[in-house]
Structures are given as structure tokens and as C-alpha cells.
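These protein sequence lines map, in sequence, to chains A and B.
Using my numbering, the letters of the first sequence map in sequence onto residues 1 to 414.
Using my numbering, the letters of the second sequence map in sequence onto residues 1 to 337.
If you're looking for bench data, these hints aren't it; they were derived computationally from the structure.
It is possible that part of the hints are untrue.
Below, a list of computed lysine-lysine pairs in the DSBU-like style, where the Cα atoms sit at most 30 Å apart [stated by the list, open to error]:
id, chain 1, residue 1, chain 2, residue 2
1, B, Lys265, A, Lys205
2, A, Lys399, A, Lys205
3, A, Lys166, A, Lys391
4, B, Lys266, A, Lys205
5, A, Lys166, A, Lys75
6, A, Lys391, A, Lys106
With beta-carbon atoms standing in for the labels, derived distance ranges [said to hold, decoys possible]:
id, chain 1, residue 1, chain 2, residue 2, range
7, B, Ser189, A, Ser108, 27 to 37 Å
8, B, Lys47, A, Pro129, 48 to 58 Å
9, B, Cys141, A, Glu77, 28 to 38 Å
10, B, Pro201, A, Ala50, 51 to 61 Å
Note that the Cβ used here is the ideal one computed from N, Cα and C, for glycine as well.
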Amino acid sequence: MDTSSPPAPRLRLHIPPHHSMPGERPDFGYVRRYAAGVTERPAIDVPAQATHELAYHLIRVLDDDGAAVGAWDPKLEPETLRRGLRAMMLTRAFDDRMMRVQRQGKTSFYMKCTGEEAVGVAQAFALAPDDMAFPTYRQQGILIARGWPLLDMMCQCYSNAQDRLKGRQLPVLYSVRDAAFFSLAGNLGNQFPQAVGWAMASAYKGDHRIAVSWIGEGSTAEPDFHHALTFASVYRAPVVLNIVNNQWAISSHQEVAGGEEATFAARAIGFGLACLRVDGNDFLAVHAATSWAAERARANHGATLIELFTYRAGPHSTSDDPSRYRPAEEAQQWPLGDPIERLSQHLIRLGEWSSERQTQLESELADQVRETGREAERYGTLDNGPHFSTKTMFEDVFKEMPWHLRAQRQETGV
Amino acid sequence: MPAMTMVQALNSAMDVMLARDPDVVIFGEDVGFYGGVFRVTEGLQKKHGEERVFDAPIAEGGMLAVAVGMGAYGLRPIVEIQFADYIFPATDQLISAAARLRYRSAGEYWAPITVRAPCGGGIFGGQTHSQSVEAIFTHVCGLKTVIPSNPYDAKGLLISAIEDDDPVVFFEPKRLYNGPFDGHPDRPSQPWTQHPKAEVPEGYYNVPLGQAAIVREGAAVTVLVYGTMVHVALAAAEEAGIDAEIIDLRTLLPLDLGAIVQSVKKTGRCVIAHEATRTCGFGAELAALVQEHCFYHLEAPIVRVTGWDTPYPHALEWAYFPGPARVADGLRRALEG
């Protein structure tokens, strides 16, 4: 051993620094603002590798003036755009109402998707109504875009006597088989590889339906994410895999999930999957990317990983206070704007909408949500009931109730 | 009727179900072309096609997740976990998803999944190829847990498990795959051919889940066992000359409590034996149930004979294994107590 060589440098552990403290100025220096319309749109049947440079682009259609530009413009009819705008606004109005009633103590918990409405809504518009969704708890916009009744969603949130889930699930953890919407889990990420299994089954049966799943950027660190990409690649499953990068996992910035060294879309590269990275607040870009991936999957060219780059404008849930971990004005300063304002601006620019109609629609939707909320409350709230009877607690653990559950039900006296 | 090994009987169960139900698919590590490391799926891919019996990446969590998705679609997947010791990466999908799906969706979705996994020691597999992990799963509401002890039951129970609309964890005592094992590793291996329970019909039949079998009638003491320990308990009773009534539980959940209670009330004594570690093992649940339901009939404390609370040691395998001498000692303690 050469004792004259200099000592090796001391090793240093890197901890990603906390991104933007409360009271500091928001720092979005890491967000590269790609111009709208510049990203190339490959054919849907290209080899996955041909999409890999898109992992470091950002597909944008709407420019700063609200014009739709470039190859990714899905060229939707104005009426479709108005319906999309309405669904996003209804989602926001619904979220606002449910957040308020939680604050009033009428239920235990709520999660908004404010700022991320284009994610669920534009995608539901791009998919077939029977494409099977395996969402997270922040894609309530899918149900709203698919026309599922708000009343049913509210009754779930209230765990009342009309709750189809019999008061068993935390608010927002919907299950709607009739809207091709899988039962939501509170366990993060485990729906992602389940969607791949559903897609494999659909392919096995020679069906036409594809599966679509969503995961937060934070949960991509879970093994389920790795499993989903592995199985999707190995079996060329007809599935669209979405990472919703809303920058924050409760108080942990995307850097803690591994966003510091690579984009989340780039995870696809090592698995040989196609990938797209999209401005998640651009309704048209989200629609176009989702259509591309869905068409590719439907044509047996395999799965696409889409990173939807967006911003969680609200708290994680009713149980956290974002002012404790990020600057209060961050949401307002998000460089990619607000999805509702941007689509509205686009429609106005097309001469298909006006700020008066926007204001009028806002007020109509608020009324609709309020009326529906009153009706839902007539069926009960979590704090005041009525709820499902205690005996239903023992049902559906198994298809047929075994003796030990019957005995336990008898112990409760019902 | 042909004599089958447990491997052949399990293979036959899957063969029958693949032929009967186009929604049955099988996947797992090495199960396709190769037919599984224990040969349980041998020939099934060739016969039924590679879309129905196929190899999976080494990702137990991924396999279970895929099975949950397939089940939600309407398929009836069978997943082979190569060793029960490797099931732990799959537990989140099994416990948080498969077992809870029917309940959390109020019956909109369910998970008609069969998870097969070879369990138990006695093959010098060391601590990562020998464990008996059944109690972890019997503790989970929403799962059924099955462990057969002979070829006839193995086929009939596996068919019931595949047909069940709820998730079933099906443990296969690997030491029994090719012959009954009485717990004497020093004696020559016995083949299944001479065993009455190796007479297995070639076609469809089932053994319902939730029904125990009395494998030896007796009046002195009740022995509650399953899997390999059925054969060990039989040997122990014979060698000690004790009039033991031996109950093969076959299904741990749902449990056949009626058969247990009836027997213990008759004998007044109870020995519980399992290969798994003792603390919080399934024997603890059995002992609690026996004292709840038979307390005034018991004439002696309930005795547990189990694996020790250590990892399964490679070289000291037979010091760990609760063999016939330890079970016989347990029987004597129950009789003396």
C-alpha cells in the first residue's frame, strides 16, 4: 500500500434541501418553461425508444396568449372544449363545497384536486367511457367528466345511509364499477400494477378496452411503480400509466421522490416503454398526450408512461396546513398557470366563450353543487347519521359469511 | 384410480380447471416452459397454451397486483409463489388489496385469486426455503388459508380454492410433495403409491373449504394438526401407543370449529402441533378457541408442540422440526396433566 497517497475525500451524504421555506419567495427556477407547440408528435406506432427524448421536453399546446399551437393540438370542437371547461369547473366547485362541509364537521376528511383538474377531466375526455380507470384519490374529475352523479359522490363522502360503499371507506375513496372506476385504496401506488393486470386480462380476452392508471410522483418510489413498469413492458400491456407530478407529497417536494436527478417521465427509458412529459395544466396537451397513448395501447403497441407536470394548489388533504411547509403564494406563481383559466382564455380567444359566460357558469355550478349538497345531507352526514346498521359491518368480508363472523355479529347484539 | 403424488394431484387440479374454465390463468416464476421448480405446473403450458400458463418476472408484489387487476376484470388467476418464504413482498397486495377489495367496494369488485406456495421444512432449505408462514395470513380478515396433507385432499381443495370467489392462500407442504413424511428423516422415504389418499380421480371433484378430517379416531386425547404434521402426529401416536384422535384441519380459515369441539369434548385433552414458530402461531388461536368452547370438558392444560421461535436453521433442521418424539412427549404431557 502506498502510504504517501493523499487521504480519500470524506464521503458526504446528500439530503435534498427543503424546497422553498414558508416566508421565502417561491422558487420555480427548476421549472423549465418550454415554448408551446415546439415538441414533435411522433406516430403512435414508433418504437418506444423514439419517444425517449420527450422525457426531457414538455408537451404544451396552449401558448401564453391562449392560442393552440403545434403538432399536438388535438383540434377539439368548441363544444367539447366547453364541456371540458364545465367538468373542470364543476370539479372545483364540488371540491370547494366538500372541503367546507368537512370544516363544518359534517365529515371526517376531504381531498381536493384544485389546480389539477385537467389531469382527470381532459383524460376522461380522451379515453373511451369504458376504459378502466385505476386512479388515485385526486382524480375525482374522471367521475365528474364521465357524468357520474355528484349526489352519489357526496353520499360517499358523508358515509350516510345512501352511501353505496356502506360507510366503509374514507371520503373520496370511491368505487364506481358502472363508470369503469376502480375501488380506490388508501395504500399509495398499489393500483398502478393492478391496472397492468387488468390490461393483461383485457388483452388475454381479445377485448378492446384498455386500462389507465395514475400515481403521484411521490409514490413512484414505491415498489408497485417498478412492478407496473416491469410487467407492462414484459407483457406489452395495453395500459396508460400516468405520473401526476404535482410537486408535493404532503410536505415533501418532488426532489425527495427522486425528481432532482431525472424527470419522472424518464423512468420509462430503462423499461423500454414509450414516454411523454406534458404540461398538466394545459387541457389540450393533456388530452392530446392521453389520446396518443390510448391509441398506441389500443393498437397493441404497448404501454406509455406519461408525466403530467402540474401543481397541487391546495393542501394534501384536510389534515395538513401547507403554510407550514411552503410559501403561501406558491400556487399563484406556478409558472404553468391554472387549467381552468387557460382553457377559458383559449375559448374566449376562439370567440366561443366570454368572461360573462364564465362568471355565469361559475354561479350556476355553485348553485348546482349547493342544491345537490342539501339533498345529500338529507340522507345523512357522518356526524349526525343515519349510517348503515352495525350488522352490515360483517358483510362483504367474504362472499359468504363464515361462522366466526356470524358469531361476532351476534356478539354485537344485532 | 391412479395413484398420484401430491405434485401430480396439484397438477391435475390445475389441468382440470384450465380445461373447465377459460378464465383460469396461471403465472409465477419458472412455471411456464419449465413447469415450476417443484414441477407442479409441468406440461400445463404445452397443453393449454402460453397465454394461460406463463413465466412471471421475479416480483411477488407485482404478481399479486397483476392478479388483483385480472380478478377485477373477471379472470380467475392462480399465482405460484416459488417458496412461501418469498411471499412477503406480495403481502401489501394480498392484505391491503386482495383481502379488502370486496369489503371496501361493497361487493363491486372482488379478488378470486389462488396463491399457491410451497411451505415447511425438512429439505435442508435453510431459513429462506423452509418457513411455515400460515398464521400471518389467518390473521388477515378477508383471506382463506388452506394446507393439504395428502394428494386426494390437495387436488380437491385446490379445485375449491380456484373456484372460490375470495382470495385463498394455499400452502403446499413441500416435504409431502413426493411422499408422506412421518418426521423420521433417518428412515427411507416412503412413496405416495402405497398411501390410500394417493388414489386420486383423474377428473373433476372438490373437497370443500372449511371442513376438517378425522384421520385417526381415538378416545384419549385430541390432536389438532395440518400439513406435514398430520403424518408426524400419526407416527407419534403409533409409536407412543396412545389412543389419540387426530384431526387434519385442512382449512385454517374458515376453520371447522365444530369438528374440534366435538372431539375435545369427547377426549377432554388437546395437543396442538405445527411446524411454524410458536409465539402467535396458529396454535395460539386454536388453544384460545378450545378453552373458550371446551373449558369445562378439559382435564389437562392444552399442550402446544411447535417449531422453536428461531429462524429455521440449516444444519440444525431436525432439532428445530417438531418430530414424532416431541409430539409423543406432548401427548404424554396432555395425558398426565
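* Hint numbers not upheld by this structure, sorted from lowest to highest -> 1, 4, 5, 7, 8 and 9
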